[in-house]
Amino acid sequence: MSKKTTSDRSGRGRNTGRRHPLATVALLAIGLMTTGGAYAAVTTAAAADETASPAVTQSTIDEGQVLFDANCASCHGLDAAGTENGPTLIGVGSAAVDFQVGTGRMPMARNQPQAEQKPAQFTDEQVTALAEYVASLAPGPAIPDEEYLQADGDATNGAELFRINCAMCHNVAGAGGALTQGKYAPTLRGVLPQHIYEAMQTGPQNMPVFNDLNLSPEDKADIITYLKYIEDNPAPGGFRLGDLGPVAEGLFMWIFGLGALVAVTVWLTAKSH
Amino acid sequence: MAQHDDASTPGSSIERHTESSPGTAVVTADAAQNPGFPPHEPRVTDVDPKADKKAERQVTTLFFLSLVGSIFAVAAYIAFPIVPGDLGSVRLNTALVGTGIALALLGIGFGTVHWAKALMRDTELVEQRHPTRGTEETRAKAVEVFTLGNQESGIGRRALIRNSLIGAAAVAPLPAVALFRDLAPAEDPNALLKHTLWEEGVRLTRDPDGSPIRAADVTIGSVFHVIPEGIREEEEYLEEKAKAAVLLVRLNPGDLNELPERASWSYDGIVAYSKICTHVGCPVALYEQRTHHLLCPCHQSEFDIANHAAVIFGPAARPLPQLPIAVDDEGYLIAQSDFTEPVGPSFWERERA
Chain A
1 MSKKTTSDRS GRGRNTGRRH PLATVALLAI GLMTTGGAYA AVTTAAAADE
51 TASPAVTQST IDEGQVLFDA NCASCHGLDA AGTENGPTLI GVGSAAVDFQ
101 VGTGRMPMAR NQPQAEQKPA QFTDEQVTAL AEYVASLAPG PAIPDEEYLQ
151 ADGDATNGAE LFRINCAMCH NVAGAGGALT QGKYAPTLRG VLPQHIYEAM
201 QTGPQNMPVF NDLNLSPEDK ADIITYLKYI EDNPAPGGFR LGDLGPVAEG
251 LFMWIFGLGA LVAVTVWLTA KSH
Chain B
1 MAQHDDASTP GSSIERHTES SPGTAVVTAD AAQNPGFPPH EPRVTDVDPK
51 ADKKAERQVT TLFFLSLVGS IFAVAAYIAF PIVPGDLGSV RLNTALVGTG
101 IALALLGIGF GTVHWAKALM RDTELVEQRH PTRGTEETRA KAVEVFTLGN
151 QESGIGRRAL IRNSLIGAAA VAPLPAVALF RDLAPAEDPN ALLKHTLWEE
201 GVRLTRDPDG SPIRAADVTI GSVFHVIPEG IREEEEYLEE KAKAAVLLVR
251 LNPGDLNELP ERASWSYDGI VAYSKICTHV GCPVALYEQR THHLLCPCHQ
301 SEFDIANHAA VIFGPAARPL PQLPIAVDDE GYLIAQSDFT EPVGPSFWER
351 ERA
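Residue numbers (our numbering), protein chains in the order written: chain A, 1 to 273; chain B, 1 to 353.
Just chain A, with the same shape it has in the complex:
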């Protein structure tokens, strides 16, 4: 009802001081939208984009050492053997460096429960140089072979391995989840196959190691296939709601489902004007 009809009615002695009957509904709807929107914004995760091309020469190793001394040595020590502020890097291999620096987790901005993913601080060439330098100190896991990163393996096998080995922390849809005391398992959406492989191989931070004797390179390729499959295929059930499972879905129904029920009930029992 517009203002016009209200004034039309006033002559007949009707109570005109009331709010528009749809105002409550509109207010409810706005409230729900805002809550939902804010929630969706919070759960949306950022993704990094990074690649590396290996080319081992003494000059890249030297360049890597210069970068290391300038950017990493304050915590990991000039000899990369670790200090009380950072672990030793002897034997972590180029895979660990490529993962940590390539995803922007290192260098760490400050001491906190977990190194956060952030925009990479170095160019691809610099990451490669750092990785080659650290790999030259002692043998360790190397940057994985391209053939395992094509996401063309067996997604069914990958899904089973993922459910057994990874899903408890990273969530069955790879959406990530909380750990203890501020630590968390990050989302795997939008992560490069190379970085997924390297994380399994090296066990960054609190993630356990899944070496080639536990999950063979083919198994790792299958897991990557599964992750890329669920990333590329739409969920048949509709909106994913962040893939966070019963909490997100329950919250959605509590707010929107019950909200709609309450609104309908209010409308049903309200007297018509």
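A few of these clues could be false.
[Said to hold, decoys possible] Below, in silico cross-link-like pairs of lysine to aspartate or glutamate (EDC-like), each with a Cα-Cα straight-line distance of 20 Å or less:
#  : chain 1 : residue 1 : chain 2 : residue 2
1  : B       : K194      : B       : E235
2  : B       : K241      : B       : D209
3  : B       : K54       : B       : D122
4  : B       : K241      : B       : D207
5  : A       : K271      : B       : D52
6  : A       : K271      : B       : E56
7  : A       : K271      : B       : D48
8  : A       : K183      : B       : D304
9  : B       : K194      : B       : E240
10 : B       : K117      : B       : D46
11 : B       : K117      : B       : D52
12 : B       : K194      : B       : E341
13 : A       : K271      : B       : D122
14 : A       : K271      : B       : D46
15 : A       : K271      : B       : E41
16 : A       : K271      : B       : E124
17 : B       : K117      : B       : E41
18 : B       : K117      : B       : D48
19 : B       : K241      : A       : E160
20 : B       : K194      : B       : E234
21 : B       : K241      : B       : E341
22 : B       : K53       : B       : D122
23 : B       : K141      : B       : E152
24 : B       : K241      : B       : D338
[Unchecked claim] On the chain B side, residues computed to face chain A include the following (Cβ under 8 Å):
#  : residue
25 : V44
26 : L87
27 : V90
28 : V113
29 : S222
Derived by calculation from the structure, the hints in this document are not laboratory data. From a predicted model like this one, the values you see are computed outputs, not experimental measurements. Here a beta-carbon is modelled for each residue, glycine too, at the ideal position from N, C-alpha and C.
Starting from the known structure of chain A, fit chain B onto it as the hints suggest.
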């Protein structure tokens, strides 16, 4: 009363005060009155023919929308079929058909309610309750029917027939008791809860493919999800797995604080613990390799693997049971015995031998 009112004795004056003083005495005249109906307020649709017409159009529109929704649902179902193997088509089909049906049902629902609220007569009425007691005549008739039934069947007179019928009816449910009793586990669940497939010499194998694990495969910081060898062939595979699942991790031996009596249960920093939470039996597998903490995702119980899986947070009451392990002559990890205590959550007979 009138007589007292005229008298000027102190007693009568008090009495008069009692009657007229506000709020201090219970006065019968104050009993709650039925306020009756509030004055009837005519709706806009009652007084304004234009509004009446508008509401009529709105209701019609809602019913028409419902009609459109029904046809849309059928059309969408045909136009956007589910293509086998294409999950996107499932999603599109479900979304469109759902929207159509929702429109069809909500259109009828909202239209009907709007019709009732805005256009149907809205004057308030009183409908008195019926008395529940029947008339004397009905009551006498009922008694007569019972008496006649008793006389004609002879149930009151022929005691043998009556008593044997009561006996037969009482025994009739017994077969059901015998049948449903057999739904209980055939074996004693106590013994089942106290033993798993682990026993001396059983190899630790990878979940799910069942390949054996060498001690050398387990590097520091590694986590293996372990099932006992041969569990795949078990008839009750999932039931057995739910008890026998084990988490195998390797710590730096220097980080491990072992009790002297359990020192022989690990192998060079490799320890194996039951994966079944002692709280309510969720699989505990969120292992943090740097803190050596193991987190249960259901209720956030936290176990310290470096300290025999001691509970450091959360509702779990006991540490996770440890599986004693050793290495056989081929270098594969084997169990020394079954778990030395029942795995998983508490149960009544847990402490009983």
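Which of the numbered hints above does this structure break? none
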